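Chemist: Single-letter residue listing:
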Amino acid sequence: KQEVTQIPAALSVPEGENLVLNCSFTDSAIYNLQWFRQDPGKGLTSLLLIQSSQREQTSGRLNASLDKSSGRSTLYIAASQPGDSATYLCAPSDSGGGADGLTFGKGTHLIIQP
Amino acid sequence: DAGITQSPRHKVTETGTPVTLRCHQTENHRYMYWYRQDPGHGLRLIHYSYGVKDTDKGEVSDGYSVSRSKTEDFLLTLESATSSQTSVYFCAISESYRGQGLGNTIYFGEGSWLTVV
Chain A
93 KQEVTQIPAA
103 LSVPEGENLV
113 LNCSFTDSAI
123 YNLQWFRQDP
133 GKGLTSLLLI
143 QSSQREQTSG
153 RLNASLDKSS
163 GRSTLYIAAS
173 QPGDSATYLC
183 APSDSGGGAD
193 GLTFGKGTHL
203 IIQP
Chain B
3 DAGITQSPRH
13 KVTETGTPVT
23 LRCHQTENHR
33 YMYWYRQDPG
43 HGLRLIHYSY
53 GVKDTDKGEV
63 SDGYSVSRSK
73 TEDFLLTLES
83 ATSSQTSVYF
93 CAISESYRGQ
103 GLGNTIYFGE
113 GSWLTVV
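Protein chains in written order, with the numbering used here: chain A, 93 to 206; chain B, 3 to 119.
I should point out that these hints are in silico values taken from the structure, not numbers from a laboratory.
In this text, all values refer to a predicted model and were calculated from it rather than measured experimentally.
Where is the CB? At the ideal position from N, CA and C, for every residue including glycine.
Hints are supplied without guarantee of correctness; some may be wrong.
Claimed, not checked - In silico DSS-like pairs for lysine-lysine, Cα to Cα no more than 25 Å straight-line: (1) A:Lys160 - A:Lys93; (2) A:Lys134 - B:Lys13; (3) B:Lys59 - A:Lys93.
What the hints assert, rightly or not - To be clear about the criterion: a stretch of chain A counts as covered by chain B if any three or more of its residues have a C-beta under 8 Å from a C-beta of chain B, and this derived list gives those stretches: (4) 132 to 143; (5) 193 to 201.
Chain A extracted, bound-state conformation:
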């Protein structure tokens, strides 16, 4: 069974810093991996989707990398802003890429101090 670990569980940094959030997974036979953001009391919003054949994806100040063989993904946030405060979850998919095959980590709770 796929197990997903996210480190750190919580992080508080001043505005403007560059951040790295880590995600590790035990089964490297994944189809893709998604990073999500969840604001308090809200649903999840997909940020980036990396196919297994890709090494990284970028969207604005966000960059996600994937090293499938070592079972690791990182989310890099550049020039952090208070609006980036949220919980970030990673979810590899090991069921042909279908959303039924997503296994979610417990997330990194991020606070950006103004």
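Please build the complex by placing chain B on the supplied structure of chain A, with the hints as guidance.
Modeler: Only chain B this time, still in chain A's reference frame:
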């Protein structure tokens, strides 16, 4: 934002009563999912649907049933609610399933907070 509406958003019910949560989408996506989110467990899949009247079980399906009579609606039913089913329930939709590299993005609703007392 994807057009996903969950109802009710908040509900308190008593142990042993039936409860139905509704998910309505306006995106005409084929695939719909119900998840629950609990502290210490994260998000876990309950059931999913890959078309009208086509459903399958997820990781934590015991005590839950689902129905999908129309593309836009996916219902989650707790036949006899228990305290262990107190949770936040999220509906999600996706355009493709075992995708070919496109359209695997999954969209989530705002959640339904259920308390069983």
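Chemist: Take the hints in turn and mark each one as holding or not.
Modeler: Here is how each hint holds up against the structure:
| no. | hint | result |
| --- | --- | --- |
| 1 | A:Lys160 - A:Lys93 | holds, 16 Å |
| 2 | A:Lys134 - B:Lys13 | holds, 16 Å |
| 3 | B:Lys59 - A:Lys93 | holds, 16 Å |
| 4 | 132 to 143 | holds (count 8) |
| 5 | 193 to 201 | holds (count 5) |
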